[in-house]
Amino acid sequence: MVHITSPAFKANATRALADAGLQKALDRSKGTSHAKRAAAVAALPEFERLRDIGRDIKNHTLANLDFYLEAYAAQVERAGGTVHWCSTADEARAAVLKICRDKGARTVTKGKSMISEELGINEHLEAHGIEPVETDLGEYILQIRKEPPSHIIGPAFHLNREDWEKTFREIHTELPKDRVFHERSDIMAEARTKLRSRFLAADVGITGANFLIAETGSSVIVTNEGNGDLTQTLPKTHIVLASIEKVVPTLEDATSLLRLLARSATGQDFSVYTTFSTGIRREPDLDGPEDYHVVLIDNGRSNMIGTDFQEMLRCIRCAACMNHCPVYGVTGGHAYGWVYPGPMGSVLTPTLIGIDKAGNLPNASTFCGKCESVCPVKIPLPKLMRHWREREFERHLSPQSVRTGLGIWAWFAQRPTAYRMATKLGIGALSLLGRGKGAFRSLPLAGGWTAGRDLPVPEPGGTFMARYKAQKRARR
Amino acid sequence: MSRDAILGGIRRGLKRGPLPADQQAMLAGRIATHPRHLIPARSRLPRAEQIALFIRNVEKEFGTVERVPDHAAIPAAVADYLAAQNLPARLVMAPHPDLLGIDWSTRPMLEREARRAQEGDAVSLQHAWSGVAETGTLVLPSDPTRPTTLNLLPDTEIAVLRASDIVGAYEEVWDRLRAGPADALTGGFMPRNIMFVTGPSRSADIEQTLELGAHGPRRLHILLVEDEPAPRMESPAEARAEATTQPGAPAAPGD
Numbered sequence: 001m002v003h004i005t006s007p008a009f010k011a012n013a014t015r016a017l018a019d020a021g022l023q024k025a026l027d028r029s030k031g032t033s034h035a036k037r038a039a040a041v042a043a044l045p046e047f048e049r050l051r052d053i054g055r056d057i058k059n060h061t062l063a064n065l066d067f068y069l070e071a072y073a074a075q076v077e078r079a080g081g082t083v084h085w086c087s088t089a090d091e092a093r094a095a096v097l098k099i100c101r102d103k104g105a106r107t108v109t110k111g112k113s114m115i116s117e118e119l120g121i122n123e124h125l126e127a128h129g130i131e132p133v134e135t136d137l138g139e140y141i142l143q144i145r146k147e148p149p150s151h152i153i154g155p156a157f158h159l160n161r162e163d164w165e166k167t168f169r170e171i172h173t174e175l176p177k178d179r180v181f182h183e184r185s186d187i188m189a190e191a192r193t194k195l196r197s198r199f200l201a202a203d204v205g206i207t208g209a210n211f212l213i214a215e216t217g218s219s220v221i222v223t224n225e226g227n228g229d230l231t232q233t234l235p236k237t238h239i240v241l242a243s244i245e246k247v248v249p250t251l252e253d254a255t256s257l258l259r260l261l262a263r264s265a266t267g268q269d270f271s272v273y274t275t276f277s278t279g280i281r282r283e284p285d286l287d288g289p290e291d292y293h294v295v296l297i298d299n300g301r302s303n304m305i306g307t308d309f310q311e312m313l314r315c316i317r318c319a320a321c322m323n324h325c326p327v328y329g330v331t332g333g334h335a336y337g338w339v340y341p342g343p344m345g346s347v348l349t350p351t352l353i354g355i356d357k358a359g360n361l362p363n364a365s366t367f368c369g370k371c372e373s374v375c376p377v378k379i380p381l382p383k384l385m386r387h388w389r390e391r392e393f394e395r396h397l398s399p400q401s402v403r404t405g406l407g408i409w410a411w412f413a414q415r416p417t418a419y420r421m422a423t424k425l426g427i428g429a430l431s432l433l434g435r436g437k438g439a440f441r442s443l444p445l446a447g448g449w450t451a452g453r454d455l456p457v458p459e460p461g462g463t464f465m466a467r468y469k470a471q472k473r474a475r476r
Numbered sequence: 001m002s003r004d005a006i007l008g009g010i011r012r013g014l015k016r017g018p019l020p021a022d023q024q025a026m027l028a029g030r031i032a033t034h035p036r037h038l039i040p041a042r043s044r045l046p047r048a049e050q051i052a053l054f055i056r057n058v059e060k061e062f063g064t065v066e067r068v069p070d071h072a073a074i075p076a077a078v079a080d081y082l083a084a085q086n087l088p089a090r091l092v093m094a095p096h097p098d099l100l101g102i103d104w105s106t107r108p109m110l111e112r113e114a115r116r117a118q119e120g121d122a123v124s125l126q127h128a129w130s131g132v133a134e135t136g137t138l139v140l141p142s143d144p145t146r147p148t149t150l151n152l153l154p155d156t157e158i159a160v161l162r163a164s165d166i167v168g169a170y171e172e173v174w175d176r177l178r179a180g181p182a183d184a185l186t187g188g189f190m191p192r193n194i195m196f197v198t199g200p201s202r203s204a205d206i207e208q209t210l211e212l213g214a215h216g217p218r219r220l221h222i223l224l225v226e227d228e229p230a231p232r233m234e235s236p237a238e239a240r241a242e243a244t245t246q247p248g249a250p251a252a253p254g255d
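These protein sequences, in sequence, are chains A and B.
With the first letter of the first sequence counted as 1, position 224 gets the number 224 in my numbering; the numbers rise by one all the way through.
With the first letter of the second sequence counted as 1, position 195 gets the number 195 in my numbering; the numbers rise by one all the way through.
Mixed in with the good hints there might be a few duds.
[As the list claims (entries may be wrong)] Looking from chain B toward chain A, a few residues come up when the C-beta cut is under 10 angstroms (computed):
hint, residue
1, Ser105
2, Met109
3, Val132
4, Asp183
These are calculated hints, taken from the structure and not from any lab test.
The beta carbon of each residue, even a glycine, is placed where N, CA and C say it ideally should be.
With the rest of the complex left out, here is chain B:
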C-alpha cells in the first residue's frame, strides 16, 4: 500500500517508528488547543479605528465601501449604486434571512431572485459573515443561505456586512467559527468552503501589469451596516492612492 510506503519512508527518514502514544496525545492536544502565534499589532485597535482600518484596506485593494445606517437603507443604496455604475436594476441575492427580511418595496423596480448564481447574472448581493480589519478581507463561508457562486460568477458583487461583524485578525474568525453551530456532515465547525476575499478579481499575468476583473467580479462593493458607531474616513481615492500597485501599472509576477 502506498499509504504504508509513504508513512514508512517518512519514519525511516526520521529514524523512528510510529510515534509512541504519549507523543501522539501531545500532538493531538496541540491540534485541539490550536495555539495562536503572533497576531500583528495593526489588528489590535480601538473598535472605531478597527472598522476604519477595514474600510481603508478594502479601498486600498480597489474595493468600495458605502456606510448605511441600517438594513432598511439597503434597497436604495443598491439601486443607486447600480444606476451610478450604469448597470441594470436586476440582481441575484443570497437567500439569507438578513437580506430576505428587508422591505424591498421601497425600490419596486429592482428585480431580485434569491438563489445561487448562474451564467448571465451580472450582479450579486451577498451576505458577508465577517470582515477582517488587518487586510480588509471579507469572510464568506458557504451555507444554504450564502452560495459560493455569488462570489464568483457575476461581474459585480455587492456584499452586505454588519460593522459589528468586523474583527481585527483572522484568528478571531476561527474562534467565531469554532463557537458556531456544528456542521451536520462532519460534526466539526468548518463549512464546505470558506472564501476570504480581499478586493475584486485581478491578474498581472500579462506583462506583470495589474488588471482588474480576471475571472471573478470586476467590482466589489461593500454595504457596511452601521450597527456600531465609527468615525468617518477619508475619501476612497486617498486610500486607493496608498495601494502599491495601481491598475495598468507594473506589478510583481503572480499579482
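Looking at chain A on its own, in the form it has when it is part of the complex:
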C-alpha cells in the first residue's frame, strides 16, 4: 500500500511550494484544463441537465446497490467470467495473486487504475516474484522512478521533460547513449517501443474499470493511449479491478455518464478509446482473453452508505475538482500524502484511512466552491469537507491552539455587544499601528497569516457593522 504522509500535509505543502521543478510543472497547466473543460461544456448546451441526470443515476444505483451488484455478477458469470468479492484490500491482493499464480504468470501488464494504487497491487505481486508492468505512459515512468501518481488521470503531472529524458537515459541503457530527444514525441516513441514487447509477453493483463454494467456484465475502460485495450486484449487472462460503486444499471445509464466524463476530465467530447468488455473470448473469435476475472472491492465503501459521505460514492474520477482547485494548483498531488489528491481526495481519504491520519486534508481548502461547481455528478465537496472538520473537532483531533482559539471566538460570537466592541478595538489598534503603510508584512500573533501573505491595513471608517449602521442612518 502507498506510504501515508497525509499527517505531514503542511510540511509536504511547504516543500512543494519550494520545489522549482514542481512549480514549473504546475504553472504549465494553469488555465489550460479550465479552458478546455469550459469549451467542451459550452459546445454541449445540455451539459447542466446531464449533470443532474448523472447525479440521479448514481443516487438511484447507490440506493439499490445490493441489487445491482448481484445482477451484475450474474451477468459476468453468464459470459464465462468469475467475480471475486473482496471486503478488504488484503482479500483483493490475495485474489489477484492467486489468479496470477494459477496461470503461472511471470509478467503482468497493467492499465492505469487508481484502485490498484489504493490496494498496492504492484508491491504485492513483486513481493511474490511476479513482475507488474505499468503501461500508461505516465504510470510507466512513475513505476521506474518509484513515485506515486500525483493526479488521478495525469499521473506524471508533476514531471518536466528533463525528468523524462533523464529517467529514460538511466533505465533504457541498451539504447545509444548519445541519442537525442528533440521532441516530446521522441520520448513517447521510445516508451512505445519498450512497452510493445511487454504487452506481447505478458501472461495476465490487469485494468481498472470506469463503469460496470449490471444489464450486461460489462466492464468499461476509457483511455486515450490504447494501453488499456492492449492490456486487456493480448494476454490470456484479463483481471478487472473495480470498487463496488462503479456499477450502473444499464448501457443507457453508462452512456449518459460517459458524456460527462471526458468533457469534465480533459475537455474532450469523448476519449479516444471507450471499451466495453463482456466475459471471455467467444469460440470463433480470433483474439481476446480466455479468462476474465473481476475483483470486486469494498475496502471501506459500504461503510459510507447511509452516512453523510454516501454522496462521495457518486464520484466518477474525472479530476475536474483537482484541476480547478487553488490548493492543488500550488501544492500538486503528492502533498496530500496518499492515493487520491485534491478535493475528492480530501473527502475520500479520511473515510478510507481514517480522519486521525487525514485530518489535514479537509482543512486544506479555501472553500471557494469551484470543485462543487464543476463536479459532473454534483458532489457537494465543500459540505463534505466541512463534515470532516466537524468530526475532527468532535473527536478532539484538532490541535489545542485551534480549539482554544475557536473557543475564544465562539464566546465572543455568541455575545454580539462584546464581539462588536472587540472588533472595534482590534480594527482601531490595527489602523493605528498601520498608519502610513498599505499592509503589514509581519504582525505579532498573526505569523500564520503573514508568513505567506501581507495583511492589509483596515480601510478607514471602522468595522463592517459600524459602517453598515452609518449607512442605514444616512439613508433614513
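Following the hints, put chain B in place on chain A, whose structure we already have.
Same frame as chain A, now just chain B:
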C-alpha cells in the same frame, strides 16, 4: 463469505434487508426497458447533416475521412493512401464478407492477409460496424470477422464504414446491437468486446502536451462508402483547426 459481508454492509447502511420481491421486479424492469436519458440535440439532424457532422468530428480529433462511391473503389483508395503516406503496399485485413467480397485484382501489388493483427503489421484494414455522429466515433464490436487486435497493434488503421451505418447518438448503437443476433455464449446481445474509437491514439502525459500515436495507431483513416447521398464538407484542415488542442500544444492532464 465476503459476498454476504459486502451485501450485508450495504443493506445495513441503507437500513433495510434484501429488497422485497416487488421492488426487485421493478428494478429488473428498469434494466429490461433500459430507459434513455437526455440525447443531445446535436445528434438529431437531417440525415445528410448527420453524416457531415460525423466527418467533421472525426477530423476534429485528427482522424481522416475519404469518401468513396462504393466498395469497388476501395482497393484504389487504399493503395493511393498508403502511397501518399509512404507506407508499404501491404496490409492485414479483417476477414469480413464486405472486405473479402471486394475485387482486389484491380490493385495486384497490394499484399493482403485476412487474419488478426500481429506484431510487425504496419497497416490494418478494419470493418467498422457503425459510426456515431455526435462525436465522430467508430463502433468496432469484436467478432470472428472483426478482430480487436486490428484496432490496436498496427501503426495505421484504415476502417471501411458505410454511410448508412452512421447513427446520431450512442443510444442508437445499443438499440441496433439489441436487435442483432444473440451471442452464442451468453444469449445476450453484447459481443466479448466493443470498442468506441474517436481518432488516433494519443497521450498528454509528457508535460500535458498532446502527442499522437501513444500505444495504438498513429493514423486513423476512414473510407466512407457513400451508399447514401450526403453533401461535401469543407477541407479537413478547417475541421482540425476547430480542435481544442493541437498536437504539440498544451492539453489538459490525462489527454
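Outcome of the hint check:
no., hint, in the structure
1, Ser105, "violated (26 angstroms)"
2, Met109, "violated (26 angstroms)"
3, Val132, "holds (9 angstroms)"
4, Asp183, "holds (7 angstroms)"
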